[in-house]
Each structure stands twice: as C-alpha cells, then as structure tokens.
Amino acid sequence: MDNIYKRHANIIVLSSVLLAQMLGLAIQVRRPADGGPLLIRTWAIATITPLEKAFIYTQHFVQNTWHDYFYLRDVRKENQQLREELERARLEQVRLHEDAAQAHRLQALLQFKEQYIAKTVAAQVIGTSGSEQSRVIYIDRGTDHGVHPNMAVITPEGVVGKVLRAYGSTSQVLEITDQTSGVGATLEKTRLQGILKGTPTGGTQLQYIMSDEKVELGDRILTSGGDSIFPKGLPIGTVQQVSPGKDLFLNVQVKPIADLARLEEVLVITQIEEREPSGPDVSGPLRASDILAERLPSVPVKPETPAPGMGGAAGAASTNTALSSAHQTKPASAGTNALQGAPVQGTPAQKSPAITKPADRPDTKTGVAKPATGISVPKTGTTTGTTITKPATNAKPKPPVKAGETTPPGH
Amino acid sequence: MSYTSREQIEVYRFAWPVAIGVPLLAVFLQAFLPVQIRFFNILDLPLLVTIFFGVARRNPMTGLLTGSAIGLLQDSLTHNPLGVYGIAKTFVGFAASSLGVKIDVENPGSRLIMTFIFFMAHQSIYFSIQRGLLGQVVAWHWGQELGAGVANALVAVVLFAFLDRFKQRT
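Residue numbers (my numbering), protein chains in the order written: chain A, 187 to 597; chain B, 105 to 274.
The hints are simulated quantities; they were obtained by calculation from the structure and are not laboratory data. For clarity, every value in this text was computed on a predicted model and none was experimentally measured. Using N, Cα and C, we set each Cβ at its ideal position, and we do this for glycine too. Careful, some of the hints might be misleading.
[As the list claims (entries may be wrong)] Below are the BS3-like pairs computed for lysine-lysine, each with C-alpha atoms no more than 30 Å apart in a straight line: (1) 271/B / 192/A; (2) 206/B / 192/A; (3) 305/A / 239/A; (4) 305/A / 375/A; (5) 441/A / 375/A.
[What the hints assert, rightly or not] Chain A regions said to be covered by chain B (calculated; three or more residues, Cβ under 8 Å): (6) 314-325; (7) 439-446.
[Unchecked claim] Far from chain A by the CB rule (all over 12 Å, computed), these chain B residues: (8) 118; (9) 142; (10) 208; (11) 250; (12) 271.
In isolation and in its complexed conformation, chain A is listed as follows:
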C-alpha cells in the first residue's frame, strides 16, 4: 500500500487538490456566499490593497507636488479659459434654472416623488482584479466611510458600476462592462427601456429592445432607475452599433461614456433621498395650463388671440399648447444634463400641457411621463441635486430580467 502511494504520490496529491477545488467551486456556484465574503478573499484583499494604496498615494503626492509648485507654465492661460467657460456656464445656468423651476412645479402638480442624490463619497481607484474575465476595480473607501454593497458608482461623465463587496477601508466595484452586471437603461430620445449588460469581450449591450423599434447610432442611453441602484437619468453611454439580434430583439452595442480603462477617481452614491418636489402650494386649484402660462412673456412668439368662446385659463392653455408646439421644433436635446454639462433632453411631450396626467399619455413608447433632468455632482463631499424622478407609469412592460442585479455564478 505504501509502495503504491509512494509511486503515485504526485498524481494522488494532484487529483486531491483538483477535486477539492472543484468541490469548492460547485459549492460556491450552488450556494452563493450569504454570510459575507470568504475568509481567503478578506485576507487576500487585506494583503494586497494596502500596498496599492501606498503606491497610489505616493504617486499622487509626487504628482501634486510637481503640479502645484513646479509645473505652472500654462496656468494663466488656463485660468482665462476657465473664466470664460464659467461665464458661459452661468448663462446656461440661468436658463436651466427656469426650466428646472417649471419642471418642479409640474412635478409637484402631478405629485411625483423625486430621487435626490443626497450624499456621495469620493474615492480613489487603487487596483483591479488583474483579470480580463473579471471586470472589477478596487477603491479606497469601504464600510468605514459609509460605502456598502449595491451602491452606485459614477464619475462626472457617467456610470461606472456598483459596489459588489465592501470591506473596512476598501470596496470591490463591479464595472458595467462585466458580463454579470446589469443596469436598467433608457434610450434618451425614444424612452425605450432595456437592460444594459456587459459582454464577454468587455463591451456593453442594450438588451430587450424590440427589433421593430428605431434606434439610431449615437443615441444617448441613461439609467432608467428601475433597478433601485442607479438613480434615474445618469448618462451611461451612446449607441455604437445596431444590428438584428435573436428572438425579435435588436443587438444594440453601447459605448460607455465614462472611460473605464482610465479611471482614477469615482463617486459612490451613498444616499439617495426620495421626496415630494418643493414648489408652490399645490393644494390649491393650480393647473398645468396656469403654470405653463407663466412662461408666456418669455416666449418670442406673438400671443394668439383666444378662440371665441374660450377665455381665461382655457384660452391660456390653448395658446400655450400652440407655443409648446413651437418648442417642439427644438432638438430633442434641448435640456441639459448638469452632470455632464451637456444638453440632455426635452421630448416634445414633456413640454406639452398634455402631461397633466401621465396615464393619459397615448404614446406607449415613451414610458416616462416627465422630464428627466441631470444631476449635479461635485467631485468631493456631499451633493444635493434634483433631477431624477421616478416614472409614475411605464407604458412599456419591463423586460423579464431584473436590472442591476449581479448574477455571478457564486460567491
């Protein structure tokens, strides 16, 4: 017996080690970790991430020292450019303020609840998984800083992913390009909803868009808010390629807006508040037509004479409808997403008084009965902003997959 063991010791040990690992795999796949991360993961991360942090902090210290004290050549020119940019932004802000105020009043009238990004935590990217098959990054903020699993991670450009596991001072973030990730998404123009999934090659794909729908290259894709992780209205990416897919769905390839290969700092949304929008007293007999009528003086169109038999608010409403039609000639991207500083949206229906009751909207494609506005996210600290509102009704049925849910085979 001893001879047999000695002769085949290597093969026996090899088989045992492989068998043990396969059993371990089977158990993990069958029963994903429910009692927190495995000890070996905790140890590995506790060993590797402090080194990563040390390197990153040292690198930043050197870079900052260089930039702050030695590399000041183009500062004056850059300062001038920034001032001009600020002026432009201020002008834009005034216009947006008006739009936002109007949107608030309408939301209040319709009793929508808004989602506010109430608090964010800025974090530094310190490492990756080191594997092409596992698109995760590590950040230097964890439970000690209020970061917990299933929190959204974004950059000022767009969505990055969500927190998968949180440790004391480190968190593991699953990028949207990983094939086990999923994000509830909406096409900005058409308001079609689908699920944004990662692909095995590291790309992203918008799924569950019916093949008879029209999707154009370059269309922007925003979060739909339906996954309860990402607030509604955050930019995700743009349509890169559209082709017929299987099972009557389109194959929509998406290019993420955030450059996931060059991430340095990210924001973790640690708190989202939901509240009734503040605005004028809505308990009174205030109507959408009245609110829209307030904008009349600012519209550079000759006021129309109310039709015979229509007076007062009704007349205002009809005039306003006509003006809204004039507004509809604006491109769909007439609004602005403050997160990116880029125009966002303003579908014709949103400007129309017809939205006094979302359920009444005949257009089943839109699904969302109110404007999606951007959010303002500073690079550090906390932030408050309005923007993201939950759709009261979605005319289009939701896809069968739960968005935002990670479906790793087991952990």
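Chain A is already provided as a structure; the job is to place chain B on it using the hints.
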C-alpha cells in the same frame, strides 16, 4: 536538450522571503499595474511565477501546491468563485515541475517555447472551467490569445533571467 538520468538535473530551492514574496509581488503587480498601464492585463505574472518555481524546484508536488496557492490568491481578487485560476495554475504548476525533471529549461529558447505552451494550456483550462463548470459565456479569440501567449513568453525570458539570481542550489 533532454537529460539521460536524474543525476544530471540541478534542483534549486529558494529562501522563504523569495518563495513567499515573489508570488505575492506578482499578484500585487497584476492587480495594480492595469490601473496605470492599460494593456498590462494581457500579461499573467502569477502564471509566469508559477512556471518559474515549478521548473526550478522540479518537484511536482511542490509545483502543484505553489500553483494552487497562487491561483487561489489570484481568484480572491476577482468576483468569480474561488478555484478557477486555482485549478488552472495547479495543472500548470504540476506540468512545469514534471517537465523540468525531463528536459533542460534553462536556456532562453526553451523557456520561450515552454512559457508559450503553458500559457495556452492555462487559458484553455481556464476557459473550459468558466464555460463548463460555471456556465459563463466566454469569448475566445485566437489572435488575441496567441498574441498574449507570445507577449507572456517574451516577458518570461527576461523575468526568469532576473529570478535566476535568487536560486540556491540544494
């Protein structure tokens, strides 16, 4: 190139700081450098270290255990279940040390070819596990894998020459 008897084989050992520190450093660099250098993901430093220790020690049991430990450590940093890299590197560690017993793997040419073959074998096992055991959809691109194999083999020649300095004769 091949040995005629076991007596001709040089078997090496390593000081424990090297035996522990080098694999840890390899896993650290594998996780850290892609943040700085985008294309670094095509390299698999932990695999190269597994091969190096396997062929230098020439003990299949030590080789497979080293591969298993490095693989599991690498698995710990991913979000996949533990064992995918573990199984692949266990195989490679065992095969590398078994090969080290039979042929000369000290010269750069044989190291280049050997690393390329082991890399392809490692990738094949890894993808088979992902597809077969985990049921994941995996994209296999021959061009990409062959290119990565060549890149890893070239890096291995330099890396092995550097790590040779830490060898100690038994």
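We went through each hint and held it up to the structure:
1. 271/B / 192/A: holds (28 Å)
2. 206/B / 192/A: Roughly 19 Å between the alpha carbons, so the hint for residue 206/B and residue 192/A holds.
3. 305/A / 239/A: holds (24 Å)
4. 305/A / 375/A: holds (29 Å)
5. 441/A / 375/A: holds (17 Å)
6. 314-325: Result for this restraint: holds, n = 10.
7. 439-446: violated (count 0)
8. 118: holds (20 Å)
9. 142: violated (5 Å)
10. 208: Holds, since 21 Å exceeds 12 Å.
11. 250: holds (15 Å)
12. 271: holds (22 Å)
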